[in-house]
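Make the full structure from the sequences, and use the hints.
Sequences listed follow chains A and B, in order.
For the first sequence, my numbering begins at 1 and goes up steadily by one.
For the second sequence, my numbering begins at 1 and goes up steadily by one.
Take the hints with a grain of salt, since some may be wrong.
As the list claims (entries may be wrong) - Derived pair list, reagent style EDC-like, types lysine to aspartate or glutamate, alpha-carbon separation capped at 20 angstroms:
| hint | chain 1 | residue 1 | chain 2 | residue 2 |
| --- | --- | --- | --- | --- |
| 1 | A | 430 | A | 368 |
| 2 | A | 75 | A | 86 |
| 3 | A | 282 | A | 312 |
| 4 | B | 79 | A | 109 |
| 5 | A | 3 | A | 86 |
| 6 | B | 107 | A | 127 |
Said to hold, decoys possible - Here are some chain B residues the structure puts well away from chain A; computed CB gaps all over 12 angstroms:
| hint | residue |
| --- | --- |
| 7 | 70 |
| 8 | 77 |
| 9 | 280 |
Quick caveat, the hints were computed from the structure, so don't treat them as lab data.
All C-beta atoms in this analysis are idealised placements derived from N, C-alpha and C, irrespective of residue type, glycine included.
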Amino acid sequence: MIKKIRVRGYRIHRDLTIYPNRKLNLIVGANESGKSTLMEAIVLALTGRINGRSAAEELNPHWFNAGVVADFITKRARGEPQRLPEIDIEVFLEDAPELQELCGAHNSDTPTNACPGVRIRCIPNPDYSAELQAWAKAPSRLLPVEYYCVEWTTFADARLTMRPRVLATAVIDARTVRSTSGVDYHLRQILGSQLEPQERANISRQYRESKAALSDSAFKNVNERIGKLHALLHEQPIALAMDQTARTSWEESVAPHVDGVPFTMAGQGQQSAIKIALAMNKHAGRAKFVMIEEPENHLSHTSLTRLLHRMEALASDDQQLFITTHSSSVLNRLGLEALQFLGPTAPVKLNELDPETVSYFKKLPGFDTLRIVLADSIVLVEGPSDEIVFERVFTDLYGKRPMACGIDVLSMRGLSLARGLELCGRLGKKVAALRDNDGIEPDELRKPLAQWLKPGSREVFIGEVAHGRTLEPQMIHHCGEAHLRTILGITDKADVETWMSREGEDRGCPAHREFVGAVHASGIHAPRRAVHPWLSG
Amino acid sequence: MAKRVTLAVAGSRKTQGIVEHCARLPRERRVLALTYTQKNQCELQERLARYAGDHLNIEVLGWFTFLLRHFAKPFLPFKFPGERVLGFNFEGMPSRMATGKARFVDKSGAVYRSELGRLAFELIAASQGALISRLEGIYDEILIDEVQDLSAYDLDIVDALLGSAVDLWMVGDIRQAVLSTNGRSAKNKKYAYAEAINWFRSREKKGLLAIEESAVTWRCHPKIAAFSDIIFDPSWAFPSTVSKNDRTTGHDGVLLVCSEHVHAYVAQYGPQSLRHSVASAKNLALDFMNFKVSKGATFPRVLIAPTSTITNFVRGGVSMDAIAASSFYVAVTRAQQSVAIVLDDPGMSRLPYWKPAADLERD
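What follows is the structure in structure tokens.
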């Protein structure tokens with residue numbers, strides 16, 4: 001099991017440390033937050049490969065963190081003896097007996113710590129130090145990677161050339177279909193792990209024999225003919241035979257079939273679902289680490305639900321999953337406690353979440369939890385009406401929509417406020433919640449929420465009981481009934497509150513929009529207004 | 001088997017014992033076989049391939065490689081943070097005054113052979129248990145052949161292994177302690193060379209290991225075995241060697257040869273000539289092998305060019321010091337059937353002289 005990952009100088013990650021969960025890790029972040037890069041980094045350190053090719057072959061200047069390179073250039077320009085940019089990816093593993101071969105003190109921990117682990121580094125090749133020094137005199141943003149070397153080692157300082165068996169890793173990328181020719185490297189790895197060594201040897205032998213048989217039978221007449229023909233030219237007879245070199249081994253000619261259809265002809269969603277099922281399937285040689293990129297891609301909501309259900313059933317203690325996702329369904333369904341949020345400053349984990357809250361969100365697959373996770377600050381409101389009112393008030397006040405200021409206004413639609421505040425609290429999000437008093441004193445309502453409230457960062461705003469139970473009577477109170485009747489064109493016969501409750505829910509109603517404007521113009525919607533300076537403060 | 005040491009005489013099939021032990025082990029058992037000399041390492045590897053070739057979890061390492069791979073390399077940062085072992089300096093030694101990193105590692109980052117034992121031993125404690133638990137995770141069992149050659153810090157390392165969960169079987173012949181892993185180290189001097197037996201006996205008393213003694217030789221003829229027993233002063237209290245070599249060739253046992261007959265003897269019996277070192281027996285133009293190098297080897301017949309210590313012993317029974325006795329013991333016990341010692345003046349020795357047939361006729 002991976003206990004810690006440290007990525008330094010690799011692409012977007014200048015210095016990132018993640019402490020993964022034992023079983024499941026849902027890696028979430030905004031676009032460009034480095035989710036895929038983190039996955040890549042883990043795979044690089046575990047397998048020495050990237051997209052099936054060796055790191056040394058794939059090394060290119062864009063692997064180096066742009067900030068590190070820029071710093072290097074500025075500092076060298078100033079004449080400071082700045083160290084050449086390096087990449088260092090470390091994967092710290094748990095101290096298990098079967099991993100001891102990888103155990104040692106060659107890691108970045110201070111004070112010195114010995115644990116099993118692997119590390120991949122891209123460092124200046126000492127053989128080219130003269131060339132590198134020459135380059136560093138007038139450095140450019142593109143590092144001369146040909147003077148760098150890739151060093152893949154264990155924490156015991158032993159060089160690795162092949163992935164250690166104990167680090168079996170399966171990579172499933174549902175974002176794109178990589179290979180058009182057939183089965184890609186990652187799938188071949190997954191398929192290969194399904195076979196026992198004897199089975200593999202047996203298939204290999206029979207395949208070779210059947211190819212040989214084909215050479216002896218089908219090609220017999222042909223060979224007799226061309227043998228005579230070419231013998232005249234080259235002195236030695238020429239014959240056709242099936243290629244028996246490694247290039248044409250059985251693995252290259254085998255493709256999984258789904259219900260009789262070749263795998264690559266199956267739908268993309270189905271392809272990734274099959275890969276996930278194969279990788280997580282319980283068998284001896286199965287991967288210890290499974291990396292899944294955006295499993296939600298190419299899947300309908302129903303298929304995704306089925307796949308997630310399957311993944312939950314197959315998950316076990318001896319397999320650690322890393323999943324990137326943009327889908328709240330995946331997040332809610334697989335469990336919020338597994339969240340690894342790559343925030344703008346530091347990564348955030350959610351493992352202290354109340355188990356009840358976790359199962360609460362599991363039952364709300366439709367709730368857009370990711371919006372809470374990704375937002376800078378959040379305003380939780382009761383329903384669509386509140387959402388519209390708030391948006392309008394905010395826009396009028398600041399000339400910008402809340403979203404433009406990094407404030408996400410989220411309608412709870414029945415989400416328990418306590419759960420929402422707990423989540424925000426654990427994520428360290430600034431949140432303002434607006435709720436109806438429903439005829440109960442605001443102080444009473446705050447009591448059960450107290451443990452999640454923190455002045456200045458998590459607060460609840462509630463209208464006074466005397467001013468009405470819900471949004472509508474509060475509006476009437478603050479705007480004055482006559483004023484509202486005029487703006488909304490409500491006849492004297494109709495009751496204002498009933499009218500508003502009925503018509504107000506229709507968000508498309510022009511009258512409603514006008515009404516919102518009127519509310520703001522009157523400048524008296526106190527609790528909602530109170531939020532504004534608080535948010536901008 | 002938990003922890004034990006087998007102290008055996010020369011020719012008691014120690015290495016073969018290890019090989020057969022390995023062949024009997026379950027295939028999944030992870031075994032490390034350690035030897036001291038390069039020659040023994042090749043021998044063990046070759047024999048294991050023959051007798052336990054299907055056992056893929058047996059690894060053969062030299063003692064230094066073991067210390068480098070499992071002690072120095074993984075854990076060096078505990079003593080010198082951020083440093084790596086970049087090589088092994090077999091010949092060099094640190095300056096006597098060197099301290100800190102310079103004590104253990106030369107300028108190019110290579111660990112001195114002479115300091116490797118100490119470095120390895122100190123890293124056991126420095127790693128706060130990680131080093132030993134790492135070994136416990138990698139191996140179920142460690143076998144040490146030629147254990148008599150370990151000295152100084154090596155024995156402290158064995159002590160640490162005695163305290164680990166790894167099964168340990170050490171095999172050696174105290175009488176053959178010709179080589180020392182560290183000639184200069186003062187550490188454990190009291191255990192050096194043949195006194196190593198006391199080291200094992202003190203561990204046995206503490207209940208850390210069981211000592212088994214094996215006094216049966218399958219190699220040496222009874223007369224050679226009896227002669228080998230008198231090389232060491234009786235105060236050592238070594239058990240008498242029992243020979244199971246019942247072959248007779250008509251030229252068996254220990255005898256003397258005058259230097260003028262050496263070439264005739266060599267021509268007739270083709271013995272392997274042995275000498276102490278390049279510096280000895282310069283007057284004889286024979287295809288010599290040094291005593292040290294001959295360790296572990298078996299020859300039908302040997303011819304020994306004696307050192308002055310050996311000469312004094314043979315002539316008048318002057319007892320030899322432990323080192324000299326060890327090296328002579330090794331030379332004598334290489335032979336299956338006959339040992340010839342080149343000696344012109346027999347002194348009080350009652351060993352028979354060999355003479356060429358022509359001389360015999362003349363007598």
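Hints, one by one, checked against the model:
Taking the CA atoms of residue 430 (chain A) and residue 368 (chain A), the gap is about 17 angstroms. The hint holds against a cut of 20 angstroms. At roughly 15 angstroms between alpha-carbon atoms, residue 75 (chain A) and residue 86 (chain A) fall within 20 angstroms of each other, so this suggested pair holds. Between residue 282 (chain A) and residue 312 (chain A), the direct Cα distance comes to roughly 13 angstroms. Compliance with the 20 angstroms bound is thereby established for this hinted pair. Between residue 79 (chain B) and residue 109 (chain A) the alpha-carbon distance is near 14 angstroms, which keeps this suggested pair within the 20 angstroms criterion.
Note on residue 3 (chain A) and residue 86 (chain A): the hinted pairing is violated, with a Cα-Cα distance of about 23 angstroms set against a maximum of 20 angstroms. Proximity of residue 107 (chain B) to residue 127 (chain A) is assessed by CA-CA distance (about 18 angstroms); at most 20 angstroms being required, the pair is judged to hold. Its closest Cβ contact with chain A, about 8 angstroms, brings residue 70 (chain B) to no more than 12 angstroms, contrary to its assignment away from the interface. With a least CB separation of 4 angstroms from chain A, residue 77 (chain B) falls inside the 12 angstroms interface cut-off, contrary to its annotation.
In this structure residue 280 (chain B) is separated from chain A by more than 12 angstroms, as the shortest Cβ-Cβ distance comes to about 43 angstroms.
Violated hints, in rising order: 5, 7 and 8; the structure is consistent with all others.
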